[in-house]
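Just need the whole structure built from these sequences, with the hints factored in.
So the protein sequences, as listed, match chains C and Z.
Residue numbers for the first sequence follow this note's numbering, so the first one is 1 and each next one is one higher.
Residue numbers for the second sequence follow this note's numbering, so the first one is 1001 and each next one is one higher.
No lab work stands behind these hints: they were computed from the structure.
Computed from a predicted structure; not experimentally measured.
Backbone N, C-alpha and C fix where the C-beta goes; we use that ideal spot for every residue, glycine too.
A few of these clues could be false.
[As the list claims (entries may be wrong)] Mimicking PhoX-like on lysine-lysine, the simulated pairs with C-alpha atoms at most 25 Å apart in a straight line are: (1) LYS4(C) x LYS1218(Z); (2) LYS314(C) x LYS1042(Z); (3) LYS314(C) x LYS1218(Z); (4) LYS81(C) x LYS96(C); (5) LYS299(C) x LYS1064(Z); (6) LYS1042(Z) x LYS307(C); (7) LYS197(C) x LYS107(C); (8) LYS307(C) x LYS1287(Z).
[What the hints assert, rightly or not] Here's a subset of chain Z near chain C, in silico, CB distances under 8 Å, partners left out: (9) ASP1010; (10) ASP1011; (11) GLU1019; (12) GLU1020; (13) GLN1055; (14) PRO1065; (15) ILE1169; (16) LYS1173; (17) PHE1192; (18) VAL1198.
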Amino acid sequence: MSIKVVKPGLATSVQDLGRPGYYHLGIPISGGMDRYSLRAANLLVGNDEGAAVLETVFMGPELEFDKDTTVAVTGAELPPKVDGESRETWSEFEIKAGQRLTFDFLKSGARAYIAISGGIDVPLALGSRATYTLGALGGFEGRNLLSGDLLPIGKSSNSSRGKCTIPAALRQSVGSEVELRVVPGLYWHRFTAESQKQFFEDVWKVAPEADRIGYRFQKGRPLNFMDREQPFGAGSDPSNIVDSCYPYGSIQIPGGTEPIVLHRDAVSGGGYCMLGTVISADMDLIGQLQPNWPARFVKVDLDQALKAREERNKRLGQLRDAI
Amino acid sequence: MGTRYSFGGDDHIFAEVSEEMSLNAFFKSLSMTKAVGESQIKGLIEICPANASYQVKFDPDQIKPNDLLDELKKIEGLTSKTDATLKTRAIEIPVFFNDPWTHETLMRFRERHQDPSSTDIEFAASINSFDSVDSFIEAYTNSPWFVSMVGFVAGLPFMYQMVERERQIEVPKYLRPRTDTPKLTVGYGGCFACIYSVRGAGGYQMFGITPMPIFDPKQEINYLRDFMVFFNPGDVVKFKPIDREAYDHYCTEVEANRFEPKTVDFVFALEEFQSGIDAYNRKIGKKLYVN
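Given below as structure tokens:
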């Protein structure tokens, strides 16, 4: 079976849980920015958690189906409609051959995940179906969807298991002011004590330049660097370092003005010093932030980060049990 | 000085071999990542060497961050005597300096540059005390370059100039990164040259463009059929300045899938290089052009 893309939405791409193992060559992991929601969507339609789905940002696509199947939409509150009739998010629903899936306006969050029973069956590229648009790799021809694309769908392994829905407590939601937990480190020592403090005090806002590569934040006070003679090879700006690797979630602050948190399509390295790293448990949440959304960074230590990861794993377990 | 270790959140360890760039630091980082790769430590997901540092990504559900840190320190102790020879290859890369495409781009982002009144290459020549852009290009293309890191975006090489530090070119990065850079731009930031493998954001000064693709996700280009990324850390690059006519010719050859990069295999020896840099570089040049 296949799905015809009638309208592509703003930026819709095929994503799964990504392609680890090539970051040393500058090829990032990619995959869904909000992996919790991606897994939930797959579980709802009876797919493997890591099957390929569509990730859509702010404005959903219009899709036409050529066979009866089941679909689920999770992540952002982007209400789905089948031939104009509303359907629930975070729930499995049926769609018949010839019917169209469209979306209402975005109510909250930023990225919705559309899972289709059988998964999106584009060819594997370096072990994954995830789209890395910068490298034109994976996904549907290495790019975001366009009108007229025909998406191949894999063989569905499940028979209908009745109506499946995820309880409210286990749905991803975005608070009115988000807290992102950060382990200070990497080039933390390059910032003045005052700037180190101030970074965690200020309320930042998501900048318009926020995408799968990284989320930029603005509106906090500028940060200052410790005086030093720049080491050979770093470049003369105090925010420059000898180009190094960048961890996923690491926070670089070029010129001390706008922090950038690297995400799933991260640039693998570069020459701007990093203040610390957003913990793995909070990475999904970043993918649901809209431009201008207020966020605070909260300082945690490694033990707290590991505890948060444990809690996230527990929640994933509850999600699996709920279906 | 020993390596500085730092956690990148709960699932990365970052190791800075040296704050400043040197070939010694690069060789140490490369040999440590090799040893880590051979170590069979469980839970390792990515091992990434960089210019004078390296990074690993791991699964904290499989190995505790502090246990992994101990393992890495142990490995550093064992590899402290670096084996400073490297089986590698020398590659000729044709470059069209002062091309119209990077020129258009650098003009578009002038307000993000230190010196809006000159071009990137004029600025670089002037702050490195060259009397003209031509003499700057001559210095740039006379010495070979070491690929000391592959990354930023898919397959992008960072290259370190193989001359004494006094002769090395150094430039700042853009004040604010650009949101656009033409594909195959030959750029420069800090003490590193690079080739932008794909079109995209960038903060390096832009000097020219090469007609030779270095990343092909479709793996259709004949010399990228086996793997989509051309460069490896440790490769040695020699730039060849070309004019518009030669550039267009190379592009036609690439288009017809007839282009083959000029390469030669050899063993690089750090000590021998350091004891006579110009002589060693001439040897590399001979290897490349005698065959």
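message: Next item in the hint list is ASP1010(Z). Is there a CB on chain C closer than 8 Å to its CB?
response: Hint holds; ASP1010(Z) Cβ to chain C Cβ min 4 Å, cut 8 Å.
task: Tell me if LYS1173(Z) is really an interface residue toward chain C, meaning its C-beta lies closer than 8 Å to one of theirs.
output: 5 Å, holds
Distance restraint between LYS307(C) and LYS1287(Z), which requires alpha-carbon spacing of 25 Å or less: Roughly 56 Å between the alpha carbons, so the hint for LYS307(C) and LYS1287(Z) is violated.
message: Hinted pair, alpha-carbon criterion (25 Å max): LYS4(C), LYS1218(Z). Please report holds or violated.
response: 24 Å, holds
message: Under 8 Å is the threshold here; is the Cβ of VAL1198(Z) close enough to any Cβ of chain C for the hint to stand?
response: Nearest chain C Cβ about 6 Å off; hint holds.
- prompt: Should the interface hint for GLU1020(Z) be scored as holding, given a Cβ-Cβ cut-off of 8 Å against chain C?
  reply: Check passed: Cβ of GLU1020(Z) comes within 4 Å of chain C, closer than 8 Å.
query: Hey, does the PHE1192(Z) contact hint survive, CB to chain C under 8 Å?
result: With a minimum Cβ separation of about 6 Å from chain C (threshold 8 Å), the hint on PHE1192(Z) holds.
field: Per-residue hint verdict: ILE1169(Z), partner chain C, C-beta under 8 Å
entry: 11 Å, violated
message: Quick check on the hint: ASP1011(Z) CB to chain C CB, less than 8 Å?
response: Because about 5 Å separates ASP1011(Z) from the closest Cβ in chain C, which is inside the 8 Å limit, the hint holds.
- prompt: For the pair supplied as a hint, LYS81(C) and LYS96(C), is the alpha-carbon distance within the 25 Å limit?
  reply: Roughly 13 Å separates the two Cα atoms, so the pair holds.
query: Do the numbers back the hint for GLU1019(Z), that is, is its least Cβ distance to chain C under 8 Å?
result: 4 Å, holds
message: What's the verdict on LYS299(C) and LYS1064(Z), does the C-alpha distance respect the 25 Å limit or exceed it?
response: Satisfied, since the Cα-Cα distance of roughly 20 Å is no more than 25 Å.
Checked against the numbered hints given earlier, the structure breaks hints 3, 7, 8 and 15 and satisfies all the rest.
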